Amino acid sequence: MRLSQRILLALATTLLPIMALWAMLFYYAMVREINDEADDSLEQYATLIITRCREGRPLPQLNSGSNNSYTIEPISDAEAKPYLRATFHDETFYIPEKRETEPARVMTKAFLNSDNRYLLLKVATPTFEKEDLRETILWWTVILFAVLVVVVIIVATLSIRRTLRPLYALFRWLDGYTPGQKHSNIPNNTDIKELRRLNEAAQSAVERSEELLDRQKQFIGNASHELQTPLAVISNRVEHLINNTKPTAEQLDELVKIDRSLRHSIRLNRTLLQLTRIDSGEVAESTDVDIVELLTEALDNCRDIYGTKGITCTITLPDNLYIYVDEALARMLVMNLTKNAFVHSAPHSHIDISIMGKQLRIANDGNEALDRSRVFDRFYTKSIREGSTGLGLAIVKSICDHYGYDIEYRYVDNRHTFMVTFK
Amino acid sequence: MKILIIEDEPSLRELIERAVSNEGYRVETATDFISAETKLAGYSYDCILLDIMLPGGSGLKLLEGLRAKGRRENVIIISARDSVDDRVSGLELGADDYLPKPFHISELIARIRSVLRRGRTGGDLTIDIGNISLDPTSRRVTIDGKGVDMLKKEFDILLYFMQRPEHLVDKAVLAEAVWGDYADESDNFHFVYAQIKNLRRKLEDAGANVEIRSIYGFGYKFTSKES
Numbered sequence: 023m024r025l026s027q028r029i030l031l032a033l034a035t036t037l038l039p040i041m042a043l044w045a046m047l048f049y050y051a052m053v054r055e056i057n058d059e060a061d062d063s064l065e066q067y068a069t070l071i072i073t074r075c076r077e078g079r080p081l082p083q084l085n086s087g088s089n090n091s092y093t094i095e096p097i098s099d100a101e102a103k104p105y106l107r108a109t110f111h112d113e114t115f116y117i118p119e120k121r122e123t124e125p126a127r128v129m130t131k132a133f134l135n136s137d138n139r140y141l142l143l144k145v146a147t148p149t150f151e152k153e154d155l156r157e158t159i160l161w162w163t164v165i166l167f168a169v170l171v172v173v174v175i176i177v178a179t180l181s182i183r184r185t186l187r188p189l190y191a192l193f194r195w196l197d198g199y200t201p202g203q204k205h206s207n208i209p210n211n212t213d214i215k216e217l218r219r220l221n222e223a224a225q226s227a228v229e230r231s232e233e234l235l236d237r238q239k240q241f242i243g244n245a246s247h248e249l250q251t252p253l254a255v256i257s258n259r260v261e262h263l264i265n266n267t268k269p270t271a272e273q274l275d276e277l278v279k280i281d282r283s284l285r286h287s288i289r290l291n292r293t294l295l296q297l298t299r300i301d302s303g304e305v306a307e308s309t310d311v312d313i314v315e316l317l318t319e320a321l322d323n324c325r326d327i328y329g330t331k332g333i334t335c336t337i338t339l340p341d342n343l344y345i346y347v348d349e350a351l352a353r354m355l356v357m358n359l360t361k362n363a364f365v366h367s368a369p370h371s372h373i374d375i376s377i378m379g380k381q382l383r384i385a386n387d388g389n390e391a392l393d394r395s396r397v398f399d400r401f402y403t404k405s406i407r408e409g410s411t412g413l414g415l416a417i418v419k420s421i422c423d424h425y426g427y428d429i430e431y432r433y434v435d436n437r438h439t440f441m442v443t444f445k
Numbered sequence: 182m183k184i185l186i187i188e189d190e191p192s193l194r195e196l197i198e199r200a201v202s203n204e205g206y207r208v209e210t211a212t213d214f215i216s217a218e219t220k221l222a223g224y225s226y227d228c229i230l231l232d233i234m235l236p237g238g239s240g241l242k243l244l245e246g247l248r249a250k251g252r253r254e255n256v257i258i259i260s261a262r263d264s265v266d267d268r269v270s271g272l273e274l275g276a277d278d279y280l281p282k283p284f285h286i287s288e289l290i291a292r293i294r295s296v297l298r299r300g301r302t303g304g305d306l307t308i309d310i311g312n313i314s315l316d317p318t319s320r321r322v323t324i325d326g327k328g329v330d331m332l333k334k335e336f337d338i339l340l341y342f343m344q345r346p347e348h349l350v351d352k353a354v355l356a357e358a359v360w361g362d363y364a365d366e367s368d369n370f371h372f373v374y375a376q377i378k379n380l381r382r383k384l385e386d387a388g389a390n391v392e393i394r395s396i397y398g399f400g401y402k403f404t405s406k407e408s
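Listed in order, the protein sequences are those of chains Z and H.
Mapped onto the numbering used here, the consecutive letters of the first sequence carry residue numbers 23 to 445.
Mapped onto the numbering used here, the consecutive letters of the second sequence carry residue numbers 182 to 408.
Next up, chain H with everything else stripped away, as it sits in the complex (with noise of 0.2 Å):
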């Protein structure tokens, strides 16, 4: 798997090769324009990381060139301009993703796993970790081939989860990430442990060999079960 990662800004696009190239993927890099441009048209990548603004014109025309040549690469913008315009063009320009700055690495690298799968299995965005295996579209999830039946926050939370195996989840970031604007000013997380509690106790009861891990005054980790 080869991703191209077209960015201008230094310190962001060094975590960004960091972290895919963690995730096991080859990475290139393009800081501007031009050597995107002639990057692009030497090679083919798996999944392209398209910044908007670049110096030497906009990432919304490198894709426009892209895709008139007829090239069907996975591309997600990512973009400080998180406007409404950018966002619906850069869609019909046949973005496949778009995430506005500022996110997190993770948030992109679940974005990227997702972008890339959905390549790959021609439109399944099924993720299997362990023997869970979880279907977003139809919002179904299956653990050892039999259906278990999640309430809407269980089953944002557990997708929340098998985007990020092995990750260290903050708590507080979990919240914002499945309640939204909500959860900010909360003073506690009991409603987190609430729905934590009621997740595992069905994952446990549908014979799950992956755990919801809690990492004490931080978080969680979504980890195969130690045998």
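Just chain Z, with the same shape it has in the complex (with noise of 0.2 Å):
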């Protein structure tokens, strides 16, 4: 639900019962002053025609142009009891001029005329419609209600859009963030408390986690570059018992075996050690890297060595593709996306690799999609092979990042794509 709903929400049900009440209270507050003006004029009214009754004078007409009616009766004294005090009730009234019955203000008093005899007198006026009444509060009512939920719809999305416009520009800076890559401050532009202080939230927990990965990154830096020596030594003093020391038949398999294991600790630790490298921005200087060059390179390595897979390839490639780039990274990124292709690749399966204006496109066939949130995770592999690193992808990705080029993978009838736009 939006804020502006919300606020709309609570406003329209805390206003609801007020104005109802407010509708009481004031269709009370009318009443009263209406009877209150109608009972003095019946008094007066009243008080004329006692006047007159005790002095024998004529009283007023009944269709004198005024819509008062009386009525005089005599009544005992004992029904006169309750009307020595003048009362005053509302009843319909049948007007006989009219022919129709009205609501009516009705006064009645017993008074003692000069005969000492009592007589009652009804004086009535015709007053307003209280159904009427009722009704046209009721609509005003609802109308009053109408109107302030409009204005406050008006209002609230206004002013909130106007107020919370840094709010967005929150959003858009944070949803354009990654953490490790290079961005500008959090804006903070408002002279609103709340929202500054909530851009200054944001912007100290991204320093935060900004620092936690840089020293991550740090960490997995030192670590390899610590562990380099150790398995250099390691690897030499095997080689050493190979070269050296005559060893059996038995154990020169067994010390060709550590010597693999070695070699591929030391390849996973140095691929670590340049991921770090490159996400930390160590790269050399960018020359002019003829792509296609480096492609045809490739190519040329992976059918060598996985030639028995018996892999064929559609090949479409530009004369050349020069790209400002540092040369090292550019092979790294062609090569390792060129042996995943093949790596992955099951025997007599095609590839089709393309260069179109400045797209690298590489697709081979395969199963069943990979996880596109995960593939270019450092250790994300469906099939733990020997000698795999695991890291290929994620150095091609970081690669991308630190120049900026536009790396995509999808999976279209049940290829794998990959997709590298350079710039």
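Only true hints are included.
Far from chain H, by Cβ distances over 10 Å, these chain Z residues were calculated:
1. E55
2. D62
3. I71
4. D99
5. T109
6. I242
Per the computed footprint, the stretches of chain Z lying under chain H, defined by three or more beta-carbons under 8 Å from a beta-carbon of chain H, are:
7. 250-260
8. 272-283
9. 324-333
Below, simulated DMTMM-like cross-link-like pairs (lysine to aspartate or glutamate); rule was C-alpha separation at most 25 Å, straight line:
10. Z:K279 to H:E195
11. H:K242 to H:E254
12. H:K352 to Z:D275
For the record, the hints were derived by calculation from the structure and aren't laboratory data.
What you are looking at is a predicted structure, and each value in this text was computed from that prediction instead of being measured.
All residues carry an ideal CB built from backbone N, CA and C; glycine is no exception.
Assemble the dimeric complex from its two separately framed chains, guided by the hints.
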């Protein structure tokens, strides 16, 4: 639910009972005021009639133009008792002149005439239709409520949109933020205190996570750096044993296996170090590098090595594609993508390699899609094969990130497709 | 031939020392900046293996001092810090080669040989083993004085063997040296066998007196033909 909707709902639900209560009070206040007025005029009229009656003067004509009417009838003393004080009430009244019943305010009072006999005077004046009043008030209240709601919607939407502009700016910033990549500071040019606080909090959270990430990268770098020499020493000692101690066939076999595992560790370690370097921007100077040439070289090597798999290739390459990049990294990128396709292709399957414009596209047959969100993660690999570092695509991704190339993985028509768009 | 090893890591120093003296060179060692400086001030060497990060100072500074005095000793930098900057500044300061750790001792020996040969012959890097002569710069191979055409990979393999005569060479190591990281996920070595087969035929046809001998289950040894 949006903030404006929530505010609107809160306002509406509070306004509704308040306005209902208000309408009721308003109604009673109105009725009372009008009755007061009517009662006053009834009293005056009654006084006039009573005075005239006592003095034996002619009473006012009934249809004298006013809508007032009256009746006078003699009553007994006992009957007069409750009416000694004037009482007022509402009733519907048949007005013969108009031939209709109308609501009227009626005053009833008993008085003594000149003969000391009680007469009961009923004076009536037509009054408003309470029903109508209630209806009118209800309608106007409903209209007021609707107007208020509309105003609230407009004001809330507009002012929230305007006030929350910095919030949307923050969202946009956060959406575009990837930890470990270059980024500007969070924009913070609002004078709304809460939003300033939010921006500051987000900024410091980002800084903390950046620092943590840096430290983590540094740790991986340092750890693999520290491992290098001991690994090299072991490997060299093994080599010494192989070359200089005349081992038996069994010992030699074992030593070679040790050496191969060691080389794997060394390669893994070296690749991790390489990743750390690329991620921290330790990259050699760029030169104009022909990607087509690198790709041709990569293909030659892969065909050499994976030739026994009987993989067929369709290759569509331009004469050249010069990219301004560190040659070693470009070679690594092309190598890893090409090798990846060959290594993960079943025997006698098909690989498509093409360069269109600045886009390199490598596709190979597959059985099921890889997890797009994880395919470039370190050590994300479906089949653990000996010799694999599980870092090839992570390196590719790091290189692309460093140079701002777009890299994408898609699985279409049972084919894994990797696309790199150079800059 | 006298070689100075400047390396603070004891294990690595011992290994290098052993391998280098096995090659028939005379070896001296220095373990830190001060002792290296003293040795360099007192003696001259044919080749200096120089670690960059030393207790007491940077190896690059030693190199700088050496070149400032106009000394032209061959220097191979061996450094754990395979950073681009180190490589560039090392070579700019006049190092003859740069070998990032971790390296194989056989690789180091091959580099020492190459550097010394270059120094001796004034830039000519040609390697001669038996009646085979290989020039890495022009990528030309002659056997018994006659040129032999080699494909790229065949040449690379031969160069690798020529730099390690009489050494056992693991086929996996050879694959990695020639095909780089392309080879590490292959589940067989057919591609190595195929190239070796071609290379052998070429060597045989040209009458080479050195051969690539198979060591079953392991790899190869580049060795003189037993007559």
